[in-house]
Amino acid sequence: MNAIKSANYEDIKLSNAQIAWRAAQDIADGAYVNLGIGFPEMVARYQPPGREAIFHTENGILDFGEAPPAGEEDWDLINAGKKAVTLNPGAAFFHHADSFAMVRGGHLDVAILGAYQVAQNGDLANWSVGAKGVPAVGGAMDLVHGAKRVAVLTEHITRKGEPKLLERCTLPLTGVGCVTRIYTSLAVIDIENARFVLREKLPAISLEGLQSLTGAELVIDGLVTDLNVPEL
Amino acid sequence: MNAIKSANYEDIKLSNAQIAWRAAQDIADGAYVNLGIGFPEMVARYQPPGREAIFHTENGILDFGEAPPAGEEDWDLINAGKKAVTLNPGAAFFHHADSFAMVRGGHLDVAILGAYQVAQNGDLANWSVGAKGVPAVGGAMDLVHGAKRVAVLTEHITRKGEPKLLERCTLPLTGVGCVTRIYTSLAVIDIENARFVLREKLPAISLEGLQSLTGAELVIDGLVTDLNVPEL
Amino acid sequence: MDKTIASPAEAVAGIADRAVVMIGGFGGSGAPIELIHALIDRYVKTGSPKNLTVVNNNAGNGHVGLAALIEVGMVRKLICSFPRSADPRVFTEKYLAGEIELELVPQGTLAERIRAGGAGIPAFYTPTSYGTELAEGKPVAEFEGRPYVRERWLKADFALVKAHVADTHGNLTYNKAARNFNPLMCMAARTTIVQASRIVPPGGIDPEHVVTPGIFVSQVVEVPDPAQEEELNRAGAVYPEGTSP
Amino acid sequence: MDKTIASPAEAVAGIADRAVVMIGGFGGSGAPIELIHALIDRYVKTGSPKNLTVVNNNAGNGHVGLAALIEVGMVRKLICSFPRSADPRVFTEKYLAGEIELELVPQGTLAERIRAGGAGIPAFYTPTSYGTELAEGKPVAEFEGRPYVRERWLKADFALVKAHVADTHGNLTYNKAARNFNPLMCMAARTTIVQASRIVPPGGIDPEHVVTPGIFVSQVVEVPDPAQEEELNRAGAVYPEGTSP
Chain F
1 MNAIKSANYE DIKLSNAQIA WRAAQDIADG AYVNLGIGFP EMVARYQPPG
51 REAIFHTENG ILDFGEAPPA GEEDWDLINA GKKAVTLNPG AAFFHHADSF
101 AMVRGGHLDV AILGAYQVAQ NGDLANWSVG AKGVPAVGGA MDLVHGAKRV
151 AVLTEHITRK GEPKLLERCT LPLTGVGCVT RIYTSLAVID IENARFVLRE
201 KLPAISLEGL QSLTGAELVI DGLVTDLNVP EL
Chain D
1 MNAIKSANYE DIKLSNAQIA WRAAQDIADG AYVNLGIGFP EMVARYQPPG
51 REAIFHTENG ILDFGEAPPA GEEDWDLINA GKKAVTLNPG AAFFHHADSF
101 AMVRGGHLDV AILGAYQVAQ NGDLANWSVG AKGVPAVGGA MDLVHGAKRV
151 AVLTEHITRK GEPKLLERCT LPLTGVGCVT RIYTSLAVID IENARFVLRE
201 KLPAISLEGL QSLTGAELVI DGLVTDLNVP EL
Chain U
1 MDKTIASPAE AVAGIADRAV VMIGGFGGSG APIELIHALI DRYVKTGSPK
51 NLTVVNNNAG NGHVGLAALI EVGMVRKLIC SFPRSADPRV FTEKYLAGEI
101 ELELVPQGTL AERIRAGGAG IPAFYTPTSY GTELAEGKPV AEFEGRPYVR
151 ERWLKADFAL VKAHVADTHG NLTYNKAARN FNPLMCMAAR TTIVQASRIV
201 PPGGIDPEHV VTPGIFVSQV VEVPDPAQEE ELNRAGAVYP EGTSP
Chain E
1 MDKTIASPAE AVAGIADRAV VMIGGFGGSG APIELIHALI DRYVKTGSPK
51 NLTVVNNNAG NGHVGLAALI EVGMVRKLIC SFPRSADPRV FTEKYLAGEI
101 ELELVPQGTL AERIRAGGAG IPAFYTPTSY GTELAEGKPV AEFEGRPYVR
151 ERWLKADFAL VKAHVADTHG NLTYNKAARN FNPLMCMAAR TTIVQASRIV
201 PPGGIDPEHV VTPGIFVSQV VEVPDPAQEE ELNRAGAVYP EGTSP
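Residue numbers (my numbering), protein chains in the order written: chain F, 1 to 232; chain D, 1 to 232; chain U, 1 to 245; chain E, 1 to 245.
Next comes chain F alone, as it looks inside the complex (with noise of 0.2 Å):
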């Protein structure tokens, strides 16, 4: 990647929340939805008013909120990502093994995952950038085959330029052929086939531009659509 690219690519991409935003249009109502730790929690601020989607969360909890006022927290009411929430009405407590037989057991309608990598075959790296410091997996491995759709959020391009949508993964994989779309800052591509088949890109960028960006080839079958999301 060149930089006059990079430098470009600051300018036109989406916002983390203007990815989650993305992502939360293509939740059903009365979905049961995992959101990974951090920027994909985000999801969960997007859902299109009249749609009630339900969020699970590994540590035990269907059903929770918002975080709680600042001195509000209870310290065993905790998401995975260890942060204070409350629960909505309807709200459900259960132990770590059955709250992964939900996971495992296909139950979840969908999980939305970062990525460090994809690859068109729909392996996914998010978990190890490999040999160095402390390796750490939590539920990631255990989503990626449970969840009847398994999304990702991400960047198009790491901070350095590199595409983080590939041919084959380079870092320790988190699971084999799992994903089925991605949404970044640039496009939503769905993996069809072990291909990247472009759905949505943004109209500041040319499907040119877009190739240039992405590891792998992005192939047309359909319509492409812009992809039109809100300031936010």
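Since the hints were made in silico from the structure, they are not lab data.
Hints are all accurate, no fakes.
Partial chain E-side listing against chain U, Cβ under 8 Å, derived:
hint	residue
1	I121
2	Y148
3	E208
Here are the simulated DSS-like cross-link-like pairs (lysine-lysine), alpha carbons at most 30 Å apart as the crow flies:
hint	chain 1	residue 1	chain 2	residue 2
4	F	K82	E	K94
5	E	K77	F	K132
6	E	K77	E	K50
7	F	K132	F	K83
8	D	K83	U	K77
9	E	K138	U	K138
10	D	K82	U	K94
11	D	K148	U	K138
12	U	K77	U	K138
13	E	K45	E	K94
14	U	K77	D	K82
15	F	K83	F	K13
16	E	K50	E	K94
17	D	K132	U	K50
18	D	K132	D	K83
19	E	K138	F	K148
20	E	K94	F	K83
21	D	K132	D	K82
Glycine included, each C-beta is placed from N, C-alpha and C at the ideal position.
Dock chains D, U and E against the given chain F, drawing on the hints supplied.
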């Protein structure tokens, strides 16, 4: 077996209640116990004073008590034999997977079951009399490989006068090498190193008489005491 | 989100011929009699669903509930642990006549296979049934010198479940030992249909007391004062009414 | 039968060197801080227990609870899913210095392995970790054309558990999401030691609301107003007090 021996057997043998009484004396205070459907259920009546066992039923209750008076049954509160029961203070309900986690996971101190046949290697046959009719197994196969101690209550011989304690079971097995103690209508016998080791016998029967009603060698290894049981 | 369905008839309308149907309960406790009878009503009127595979601990008692489902001829195969009861004639006669298939499974293995189906565990090892004819043909492995039998998960197209209280999101509680197989079957079916004595709004069940979280439940239908199989049988009931046992 | 023990110190007195100890909690929620600190007190006084293998979802935070147990040098090996936290320095430094062994297990696999240990299931298959480096060396099998990894049960000599209410028979409830690994660990340990905010007589917990039945519990000790790890850390606490972080 000849008819004379069988006639004599009927005169001297313990009643089912008496066999159950004897088995109850070996249950420690605080023990968690599962009693097989039917005759073994009588063991609960004969807990020695000052000892409190907690009874488990496969369908999902710990610490159930006596049957309620007729007409006061709650048919959602039954035991594994589908008989109405009551609860003791400290009872708990749980689903079948948790119930058999207790069984299979080695959490029960003792399971006390009936038997068609027991072999000197600890094999038990108590679920099927072979080809004809409808087979039914229930929780017996789980109990014999789960509880810390598996004991059997049984008549020493069949109604036809045939031995039930054998070198090898001839009926379909419930479990392999699982029984460690047998309370019969004539004796208390341990299974050790694939041998029947006689511990107690009724004073009214000779060692030779007992051996003649037993289908495998009765080994003497240590003291053999009198089997003394009150009238019940 | 509201999972409430107006009637048992509507709730069971989607069950197709040859479906695998788990039916909760242990004997009569926790047996969803009204859902079963609604299914029989449909069959009597339409001839469907038939050739069902039913998973239950037992094989019915008398001439109501599961026994009635078998008696009218809707069940091709039964997967259960204990096909005996106070009055098991309906199943026994069909079985001895070769009109119904039986897969006999030890009770704890049955429970664990259903849980495994719900938990995404395709197979597991258990000491239960090792060395017996119920383990014939199943893979065996040793762990720490002890032999175990490999068992497969059990899943269903539908589960018919009896709960005590449900909320409209499908969170459930049960009444006493009526819990038994019901929470497990909720997990293991593609579509879980629940009859509850009472349906309350979300928040009507304490989150600490939920036994089955709503994620495992597809539909809830209110059946106040549900029948108890044991009481029906003591009264000599037959279903459908007017048929002769 | 009364499983009550007078103090955390007495409750943890039997834990030997090289024991495998499961410690409940997810981060600070459900972490049995007082039992852990009692164990540290014993080690500080007697030099034992040491070379422990600890099973927990995490690796401690700050300088209290599990982090303190590691910091004083009692832990030889940690089995966990996520050894990161707001302040993971204690574990990180020992790990990078090669002073502590780490077995990293996906969170759902960790939970299921513990449950399997408690349920007498020596091994099971899961899709989790297939094709990743965490599955290296583990047997793989296909079911219905999909690959799965075989995982083994996990058992412990002791479990340290935090409950909300206990009765003297060991029946337990938990507070909100503090439930997490605690009920599973109760099942999987030879000796399960529970601290509860309140101990009530038998019958003090509704049988419908028991989360952990007493059969899984060996000892209960009352710890009213237990510490929350998060609050200790926000206050900059260090255990044992007076040591420097």
